[in-house]
Structure formats: C-alpha cells, structure tokens
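**Q** Given next are the chains, with one letter for each unit.
Number of protein chains: 4
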Amino acid sequence: MSASLPGTRVGVWLIGARGSVATTVVAGCAALTAGLHPPIGLATETPVFAGSGLPPLASLVFGGHDTVDCPLPKRAEALAAGGVLPAGLPAAVRAELSAADREIRPGGPLTGDARGEEELIAAFAADIRDFVRRCRLARAVVVNLASTEPTAAGDALPPSSLYAAAALRAGCPYVNFTPSTGLHHPALTSAAAASGLPHAGRDGKTGQTLLRSVLGPMFTQRALAVRAWSGTNLLGGGDGASLADPAAAAAKNAGKERVLADTLGTTPEGEVHIDDVPALGDWKTAWDHIAFDGFLGTRMILQTIWQGCDSALAAPLVLDLARLTARAHEAGLTGPLGELAFYFKDPVGEAPAGLAEQYGALTGFAKRLRDVDAGEPERRSGTGEEER
Amino acid sequence: MSASLPGTRVGVWLIGARGSVATTVVAGCAALTAGLHPPIGLATETPVFAGSGLPPLASLVFGGHDTVDCPLPKRAEALAAGGVLPAGLPAAVRAELSAADREIRPGGPLTGDARGEEELIAAFAADIRDFVRRCRLARAVVVNLASTEPTAAGDALPPSSLYAAAALRAGCPYVNFTPSTGLHHPALTSAAAASGLPHAGRDGKTGQTLLRSVLGPMFTQRALAVRAWSGTNLLGGGDGASLADPAAAAAKNAGKERVLADTLGTTPEGEVHIDDVPALGDWKTAWDHIAFDGFLGTRMILQTIWQGCDSALAAPLVLDLARLTARAHEAGLTGPLGELAFYFKDPVGEAPAGLAEQYGALTGFAKRLRDVDAGEPERRSGTGEEER
Amino acid sequence: MSASLPGTRVGVWLIGARGSVATTVVAGCAALTAGLHPPIGLATETPVFAGSGLPPLASLVFGGHDTVDCPLPKRAEALAAGGVLPAGLPAAVRAELSAADREIRPGGPLTGDARGEEELIAAFAADIRDFVRRCRLARAVVVNLASTEPTAAGDALPPSSLYAAAALRAGCPYVNFTPSTGLHHPALTSAAAASGLPHAGRDGKTGQTLLRSVLGPMFTQRALAVRAWSGTNLLGGGDGASLADPAAAAAKNAGKERVLADTLGTTPEGEVHIDDVPALGDWKTAWDHIAFDGFLGTRMILQTIWQGCDSALAAPLVLDLARLTARAHEAGLTGPLGELAFYFKDPVGEAPAGLAEQYGALTGFAKRLRDVDAGEPERRSGTGEEER
Amino acid sequence: MSASLPGTRVGVWLIGARGSVATTVVAGCAALTAGLHPPIGLATETPVFAGSGLPPLASLVFGGHDTVDCPLPKRAEALAAGGVLPAGLPAAVRAELSAADREIRPGGPLTGDARGEEELIAAFAADIRDFVRRCRLARAVVVNLASTEPTAAGDALPPSSLYAAAALRAGCPYVNFTPSTGLHHPALTSAAAASGLPHAGRDGKTGQTLLRSVLGPMFTQRALAVRAWSGTNLLGGGDGASLADPAAAAAKNAGKERVLADTLGTTPEGEVHIDDVPALGDWKTAWDHIAFDGFLGTRMILQTIWQGCDSALAAPLVLDLARLTARAHEAGLTGPLGELAFYFKDPVGEAPAGLAEQYGALTGFAKRLRDVDAGEPERRSGTGEEER
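Protein chains in written order, with full-length UniProt numbering: chain A, 1 to 388; chain G, 1 to 388; chain V, 1 to 388; chain Z, 1 to 388.
Simulated from the structure, these hints should not be mistaken for lab results.
Below 20 Å or equal to it, Euclidean Cα-Cα: the simulated SDA-like pairs (lysine to any residue) are:
1) Lys367/G x Glu357/A
2) Lys74/G x Gly88/V
3) Lys74/A x Arg94/A
4) Lys367/G x Pro352/G
5) Lys367/Z x Gly51/Z
6) Lys74/V x Pro86/G
7) Lys367/V x Pro352/V
8) Lys74/G x Gly88/G
9) Lys367/G x Ala223/A
10) Lys74/A x Ala95/A
11) Lys367/Z x Val48/Z
12) Lys74/G x Pro86/V
13) Lys74/Z x Ala87/A
14) Lys367/Z x Thr46/Z
15) Lys367/Z x Thr220/V
16) Lys74/V x Pro86/V
17) Lys367/Z x Glu357/V
18) Lys367/G x Pro56/G
19) Lys74/A x Gly88/Z
20) Lys367/A x Glu330/A
21) Lys367/V x Thr220/Z
22) Lys367/G x Ser52/G
23) Lys74/V x Arg105/V
24) Lys74/V x Ala92/V
25) Lys367/Z x Pro56/Z
26) Lys74/Z x Ser98/Z
27) Lys74/G x Pro106/G
28) Lys74/V x Gly88/G
29) Lys367/V x Gly53/V
30) Lys74/G x Ala87/V
31) Lys74/A x Ala99/A
32) Lys367/A x Ala223/G
33) Lys367/G x Thr46/G
34) Lys367/G x Glu45/G
35) Lys74/A x Pro86/Z
36) Lys367/Z x Ala223/V
37) Lys74/Z x Glu103/Z
Computed footprint of chain Z on chain V; a stretch qualifies when at least three of its residues, placed anywhere within it, have a C-beta under 8 Å from a C-beta of chain Z:
38) 42-51
39) 205-217
From a predicted model like this one, the values you see are computed outputs, not experimental measurements.
Glycine is no exception: its CB is placed at the ideal position from the N, C-alpha and C atoms.
Given the sequences, and given the hints that come with them, work out the whole structure.
**A** As structure tokens, this is what we get:
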C-alpha cells in the first residue's frame, strides 16, 4: 500500500496485469520507491521534469485486469529466475506485489463468456471505478499491456477496444502501449472526443524502432539514399508467441515501417521478421541491415544488433506514461497527447517522427506542465487537436 | 575548367590534393555538374539550402598542395579499380581532373627541405594567391585533407599549421577536415582572430563518430546508463597507414571520445582501436559495442557495424564545407563557424554535440545566409564568438 | 573454342546457361586458363588433386539450355557493372563468352509450349548429343544451375527433372547444383540406376550452410547444447526473386535444416528467412544467431554475418564438380557420388554432414581417382551404393 | 568430501584456486555429481569416452594454491550475483566449496617473500604431497589456472614455472590452462623429460580461438584466400585486467595467431586486441572480421560475434583435462599429450591445428585409453614423443 495520503494517490490500472511487463512495472516502482535501485530508464526522473508536478512514484497504486490467475509474487519469482528481475527483488517487494495482486480482476471475454460487448464494458468500467473508490485515489490511468491482438476484422470491438471503452466510461485517461486497436476503432471515435479525456499511444518504442527513429533522421540529414532496410527480431516469452501469429505481427510491423517512411520520406525495400524463439525467454535480439548509397552511388552498409530484455525496456516507459498522462488529466489536457510521441512507434496526434524532435516535444510538454496552474487548467492538448 | 564567369568562380585549395578524398572531391564535383550522378550525400543540395546563396558546384575551381606527384587522372583510375569511384567516371571527367592537376603545387616541408617556417608559409601563401589571380576567382577556401599528423610536441609549427597560417596570410577561409593541429596552435590564435576570416573544423565526422552522435543522445534522452563504449576501426588506404602511428591515432580518438563525453555527460569505459588493414583498401569497417544498463540494472548491449568507403563518405562533406565557408566569407562572417558542427568530430566554437541539434544549427545557418544582404555583411559568426 | 585436341575435350552443359552463375563459370574458366587470375576457390587446383587425372580447365567446352536470350558477353558486362566480375574481364574473354553463347539452345517448357514431357526430354537430349558431336567432346557433364523451382506437387515432372532425364538419355553424368527436384523424382529412380552414370547433388553449399557445416560439429564436439539457430538471408538478383516464392524457399531451407539436424543430432528452435532485396544485386548477406547453453546452463550466443557474392561463391564449385564428375565418368564410377558431399547442402548417397569429414571424403576421392586405371574402371561409387 | 573410497579418489590441485574458473570448476563438479545440472560442455561425459576408464566426477577432490584468501563459498556467491553461476547453486554445494577451501594453501612468491626459487618449489611440492596423503588420493593432477603472466624476461623462473617444477617434484601430471610459461622454460626441459609424467597445455581454447580453429580450415579447404583476420576481445573480470598488460596480452595473442598460421598456411594481415572492460564482469564479447578473396578476386567478408561467460566456457574443459590427464598417468603415458590439442590454443607435442582433426585425435585417445590394460601400461604418449 502506498504511503501517500488518500486523495493524492494515483491509480495505474493495467490491462494484462499479470504479464511480464506489468510485473516488472509493479516490482520496479516498489524498488525505486524503496531506494533499492537508481531510476534508470525513466525520463520523468531527470531534471527536465523537475517542477512539472508529476505524481511521485511513491503515490502510484496498481491494479488491473487479466485473464490468467498466477499471483504477482510468483510471477516475479519466475522473472527473477530468468534474469529479468534482480535475484533478490521479488522477496524485497513482496508486500507491494501482493497488494497489487489483490487489486487485479478477471478480464475477458473469457472462454465461453456469454456476455455481450456492452455488458463487458460495463463490468470493466465498474471494476475500475471500484478500484478508484476503494483505494481513495485522486484519479487512475488505464494502460493497455496485453498481448498484441491480430489486426481487427469486421465491426466487432476487439478486447483492447472493450477495455478502452471501459476507461472512457470510468472517466480515466487511456494509454495504449501495444499495437492493438484500443481507442483506434471507428465505433469509439466520438465517445473519445466527447469524453474530454487525454489519451496516448500506440505501441511502445522499446528497441529496434527506437534505433530506427534516430538512424532514419541521420540518413536523411546527411542526404544519404537508403535503398533497403531489413530486420529480424528474435524473442521468446509471451510476446514472441503472440507475434508468431502473422496477423499480430502485421499489426506490429506497420508501426515499425511508419517510422522509416516518416523519417526517410520514402519507403525502402526490406522486410521485418518477428520470430518466436522460446529459448530466449524474455530476451530479445533485433538485427537490422541497412543498405544505402553514398556519394556517386557507392554502396555502403550499416548493421545494428540490439540485445535487450523487453520487460526491462518497457517498464520504465510505462511508469513515465502513467505519470505524464495522470498529470495531463489533472491539468485538464484532453484528446491525443502528441507530445508523448517519444514513447511510441505509431504516435497519436500530430507528432514528429525523429527521436530528437520527439524529445524536444517532450521537454516542451514538461515545461507546459510546469506552467499550468492546476486550479485553472488548459482545456486541451496543444499539438494533438485532432486524431490523425 | 569551370563554365562560370570570371569573378563568380570560387576556388577550393586542397592540402593533400592528390589523396583519395581530394581526388574523389574533384571527380565527384565534375560528375555532379555534368549530371552523371544525383547529389547523394550533399546536404547543401537539399531544399534547406535553397536561396542561401551558396556558390553552385559548377563554379568551383580546384587546386592545392601535395608532396607526391601522381597525376589526378591516374589516381582516379586507381580509385576506380578499387571500387571507390564508378568504373567509367575517370574517363568521363578526365578534363576536369587534368585541369585541377595543373593547379597543384608541391607542398612541404619536403625531405631535406632547408626552408624555415616563415619561408614555407610565405611560399604556400604565394601559391594560393597565384591560384586566385590566375583563375580569376572571387575567393578561395583552403581545406586540409592531408594525412593525420602525430599529436604535436614542442613549439614548432607542424605542417598543418604552416598551411593554416598560409591560408590566413592569403586571406582565405580555412577548413580543417582532419584531426591535425591546423589553426589550433597557440602561435596562430591571435593571427586567426585578427584576420577576420571564418574558419571551420576539426576532423570530419564520416562514420563511427557520426553514429555516436545520434546514439549517444538516444541513451541520454532515454535515461539509460551507458557503462562501456568500445570500438574498433579497420581501414586500409593512406589513412589506415598514418593512423597506425599511435600518436596520430591518439589525435583521432580524442575527437571520438569528445562526442561520447559531450552527449552522455559522462565518459564510459572502453577503448577505440584503429587498425591499418591494407587489404581493405579505401573501405572501412567500424564495429562499436555499447554495454548499457536498463531498468533495475538489467544489462543490455547494442552493437553497430558500419561498412563504408571513406573517400565517398568524406567527399560530399568537403564540397558542402567549401561552399558553406565560401558563402560565409562572402557574407562577412568571421571566426569559428560553430554552426558547422554537424560536419565535425571536434567542432570549433560553441556547438551542441548531438547530431539532431547540430542539424538544427545547420538549418539555422542556412536561414541566416538567406537573410544576409551580401552588400551589408554581418560582422561575425553568431554562435562561435570565441574559440573553446 | 578450347585449345585442347578433339577427343580430349570435356563438355559442360549448363541448365540456366545465361544466368549469373553460368556466366561467371564461363568467364572465370577463360580467365584462369589465360592466367589472368589465380584459381582462388577451386579445391581441384590444390595439390590434393595432383595426379587425379581431372580434365584441365583449358579442356572444358561450355554450352547449355536457357529460356532467355540475352547474349553471354552482354550478361557479363552487366555483371561487371555490378562488381560481380572484374571490370576488364568481359572484354578480355569476349571470344570465349561468344563461343559458349553459340552453344546455348532454347530450354523449356516455354510459355504456350505444346510439347509433352517425352517430347521435351527427347529434344533436350538431342541438343546435348549434338553438342558432344559438333564439338568432338570426349564426354559432357550436365549441371543444373537454373532458378530454384517450387517444391513439386503432383506426378508431373518439373522442368529440372525433364533436363535430368535428358542427361540420362544422352548418356551424360548429372550434377544438381540447386535444390530443385532433378533426379530426385520417383519416376526417374530406375532410369538413373539403370544408366550406369555417376551423378551428384543437391544444392550447392556456398555460404550460410557452409558455415553451419563447420559450426554445427564444433558445438557437438564441445558438448554444448544449441537451443536455437535462427537465420536471415538477404539477397537480390534472380535468386532472391525466385526464393521470395515461399514454395521455392521451402525447398532451399530443407537443405539448410538438414545440415543442422545431421551435425547437431537434434533440431534446434529457430527459423530461416530468405528475403528478396533487389538493391543488393548479386550480393548476399546472411546473418545467423545461435543461442546455446554452456556449463551449468549458462546462456551464450554466437552470431555470424557472411557477406559474399553468390555467383563468385558458386562458380568455382561448379568448375570443381564438372571436372570431378567428368573424371568419375571416365573412371567408370556410377550412381550417387557421396564423396562430393563437401559441395552440397543435401548430399546424395551416404555422406557425413560435417565439413571436415566431407573434406576427408573428398581427399579420399582424389586418391581413389589417382589409383584408378582408366582402362580398367571401377564399376561404381564406393560410398554411394544406394540413394538415401 | 568425495563419496569415493580412499585410494580411488583423484586430486585436482588448482593453481589460482580462488579464481572465477577454479570456483566454477569446484561448484560445477559438485552440481553435476549431485545431478543438479546435465553435464553440458564436458566431452568426457559423451559416449565417446565410455569405457575409457576416466575417474568419475564424484571421485575428484579439489585443492590448490592461491595468493588471495577470499573463501570459495563467498567467491561463489559473488559469481552467482554476476550471473556466472546459477542463483541457488552456491547454497546447494556449500559443503563441497568449503571442503575444497580447506585444501587451499597460500601460493607465492608473496609480496616481500624472501624465499628463493628452490625454497618455493620445495614448499609447493610439500603442499601437494600433503594433499595427496591427507586425502588418501590415488594420484593428483596439477592444473594452472592463475592469471596470465607477462612474457618472461631473463633467466629467473616465473611463478608459473615454480609451480610446474613443484608438480614434477611431487610426481604429479601437469596441465597448463594459461599462456604462461609453466613447463615451457629451458630450465625445466630435462626435469620434465626425466620425470616420466604426462603433461598437457597450453592456453585453453574457449571462444574466439575455438572458432578460428574451425573457420581457418574451412577457408583452406575451400581454397579461399584470407587477406586479413582482425579481432577484438572485450572482457572484464580478473582476466581482462591482467591482459590489459601488453606483455600478458602478447603471450595470449601468440597462441591465437599460431592457430591462424597453422590452419591457413599463411599469416594474414590483422591485429587482435584484448580490452579490459570491467563493466562486462566475467562476460566476454569477441568480434572477428575476416576479409577474404573469392573467385576472380571478389572481396568478401565474414564476421563473428561470440558472447560467452569465460568461466563457464573454461570450467568443463578443466574437468575434462583433469580426468584425461589423471587417466593418462594411471595408464603410464608420459611426456606431452598432443592428443589433447582439442583443448588448447598452443598445444604441446605433435598436433593438428584444425578442430576436426584435433577431435579425431581426441577420440583416438579415448580408444587408446580403452585399450590400455592398467596393469601393463604403455610407456609414453604416442603422438607427443618430443616437445616441439
């Protein structure tokens, strides 16, 4: 349980609350709060955000939906055994993991679930409202961390959109950290606009695409002609398995390709593969091969190999986003938060594609939050007037 | 011979005028002027510089100093045989290569040269002035492309500084594309300040350091903790041989390390090796290994492999710099041109270290040149008031 | 035209005679014969084969089938422009290219070809017999270099099997350098056995699989546990395009996977991708990522990056195989030549899977050929009694 | 304490007994004996060695010399914290670690040590004899695992040679797992020959050189022309620090280069760097860049990246070597054991350089040991008659 006073605490409601990323988020927030680790990976803990009024890490309270029921402390032990969490951490933050575990509710639709869309939305929204009331929270942010869905087909709302609709109904800002549909469904457009709630997304930029968003601009600024940009991602864990579904991979790759098209001003040759390699566990290797022409057509090649732990890459971004979106809500900002493009492969709102410009937008956002008088909120997000 | 009218032609006086880079500069400029190749690699040919008043490529006239006497057309044939220049190019631009060859004068000090520093400076300056007069040039820019010198020891002016002094004496802007001392010698500081000439440098940023200047900021912006940044460069050609001298390599590496220190705000562990591998000819492979900590101290690794042709990477930057510096001179700008940091490992003047900010400074410079009334020149460079 | 005496000349009939590999074979053989280049890449030119009675390179005469009609000298110019052949080579060996070009006949079935299987086989066999007669050859070897076919479905003979049947009918040894069906069709089994002809195949081992055949045994000998072996191949040229067809890629990958299964004794996790990247032309990059467990389950990784020119890798192997198979025919060897497994991903006959053992078998074959009295031929191949 | 009967137990006396490798050896042997892990990495546990009469892992008893005094259980905890040993292992094998720790004696010469060479040798030999007597061992093998020494200068015996002399005096076989001098000192040659003891070495082949010993033969067998072979090793831990000394690195690199010269038949261009990168701890990254020419001089490149844990790579080799050398001693083999070249960068005796041939020699050795009647021992090692 957070040490903050009631009414100053901020809820973080995680869809996929028992997954690797969510478990790392909860354990990591507790570890940082307890001073066990420095806040590596959190831009919100750098001096840029001093005075921006973000909720302290110690004020965050976690809960969420999930369809599986492995308790968070056990999940954390498994992650530590795989080297994703430091060896002693699960024991050190067991109380916080158990507290979050008590706030997790069954998601859905579950197998054989007879409830219709409206019933599910209502049930999910009720779960979120109960969480806010029970924990006496000032507000809560809903963050989607569930496994990537196949690209939606037909009119039915996919699960991610049911949760997004529930967030709106519960009056909560929404962050889509996955490439799933979420709020990007035609049936939700008007509700999102009417809600007056800020939202952010889509698809956290954790590794290969992060690199692409700095390398793409480099080639453009140097007037080098990228001919082909090919990539292969190897990853195990749940993400590897769900992305082995070609439809899910297609959703993911669309975001990756958007970054290249936007930063290069053209779409180079090349494919992106996502392979499920269970032996790698939560570790990911991404290889990129960039064939480009230099002066007088000379052929050159850049290759990058990124080896990281997906949960450890994602978790600090989730904490950043929860804090920034909660603060945006407090400050009265509404609509798509394009200033948070720094965090996403396929950002909502008007947003630059290069990382440096995105970072500039983020630091501008930090300043804007500093300047806001919480009693006299701005009415909406400046760069994100309309969804693109 | 350039097709431009006398008085509108701009000279480019290359120190090391028979080297691979210089040969590629002369052949490439002719190829672009003739429309044989698109202007890949030249930022100055992108829309950003439209209206900035840069001298057209067709107006550039080449000459220079060198201590060897292999004619440029023959040098170009050798480069084409090694795949550095396109196969048919030397024949297609033979006239332009011969014209430049006629404007090359013996450099020095040559073996057994009895001339003192002052004599050498006077002789070099006379060569440059003769070039301007003979070719009826509006102005000339001196660009140092000679092999990297060992780090200077003692008070004597190293050759690069003799040429830099000659540029000042001849009233020409100076660009140091190498890590050699050039104008960075205490004995030249006051002459440089008094000259009222613009100058730029040091050490062209063509490959590994270019990458570092976009990757360093990425780690910083994401608050990731870089622990060790190690690198190995393999290269043949003259550059490989001269950098096999540890003292020359030390000069080169200082620039590389400055980029990391400036963009990361700390100096990580790790060394940089430069190996002479004659079998690679003018081709270069640079491997970087970056060990960084993520959230909760999780260890991750990024590796990059850059395979390029050094001359092809350098030549368009030299053309850009010659045009920009000539235009700066015309516009009356003086002193270190910090806005050209985009091109250098170890930029003069006040300059940001990240490539994106450097590109911002460069586009600002493009705008400033557009705004200048050539008849009412600015008196000095805005960001480069004093040498750092 | 070869300088050898009639009756000592050996024909090499190439299926796909106007492709990149075939053009490189013809141009390269001429270049080596003329002493323009050392015989890099030909095991048959090492001391191991001294005295084995192989036909000299100067005695080889080239012809073949193809469905396209670009003349070989023009094809060679295109390859030289792409850096696959040395710049001056096409001109230097123009006569030999033209001579081979005159011996190329239209292949098939062509679009709208009304001929049945039997007619095509008869026509192809007649072309080969005419070649032998016209050029007064001692014998000819048929080598399949055509683009990889999709995995055969149904009973119909695919084109590669039509050509293989024609080779048998014309009394010629057959080498399948591709993963296509060729002689591996049930309808050809008895004819192959009855023919008394030696044959070799399948699928030349030029790069990634070559590496796998030395790395696989290393892991096994060191008792290291390979968990996942993943790979991506990027290639342009005709091969890239034909392998972009998933069915063709499946045929190719089967051979790659056999090497791992055979050398590791188990099939690790991991996929192999073959991407068509036209920008790479005839150049190929193959990345392999091998996750293995060491002592006490410690996780380790080996990555390899192979950058080569496919035609230059394949051509010397084709010359080796043509010479070895012609000599085997002369020596009266019959059936599958398992001793040539060194050259193939998916070797015929009984053959070891590791490269070192395969090389041992090859040197044994060299010795066996030395020992053969050509007048008293052995009756069949020792290790390849029956097709596996 | 081992469960084996007195008189059947075999001692393993480790020089550098408190180092990472030694600690991993002791902990790993206990883990395998207890069935906690499968015997990954031990060739001696594969079917090849069935019936060769090797001492069982359960019969090994550990002791040794070291100059530091951190207890093994504590050392093991540190290794587990760095991910080198599995998290729970130090606790699980605490008894065995403590038992080995009690058998470690102070090495030397220590700082300010007044003892002369002869005194030190006598003291070390007494320590070893006491170990054999106290633990009632059938025999003991001395294995040098101490940090690499600088290349010896002058006549004085370096520490590694003092220990080697002590092994001879104590009547124990000797294995030099490091590039240090050990028995390779002129002053020890006659004593080694007179001792009638088997010995093996030098410099365990754990990663980059292992790869080189399979890739070198591949290039040779394929008649490809290696132009340059360059490499960089990054490693932390004690080994990184000691190899940062150029003299120690020189000793190490000599072995690496011998492998290339022996397998390629020529010495290619290229350097090898060993960088101390403390941030990597016991983990090692080795990058190799091989530039080779193919057919007609086409330039191609192979790169390898090996990421492993040095202690985990070395420990199973040490266990293999201790067992093999003890058995060789029992079987009455004497002199340099060239058949163990599989394990070394710079093998003693007559030995092939390629890994496949070395593996062939090792399996031959296994057979030879099977054939030996322990009561009627062979008198000396077959392939290693004289030291090369």
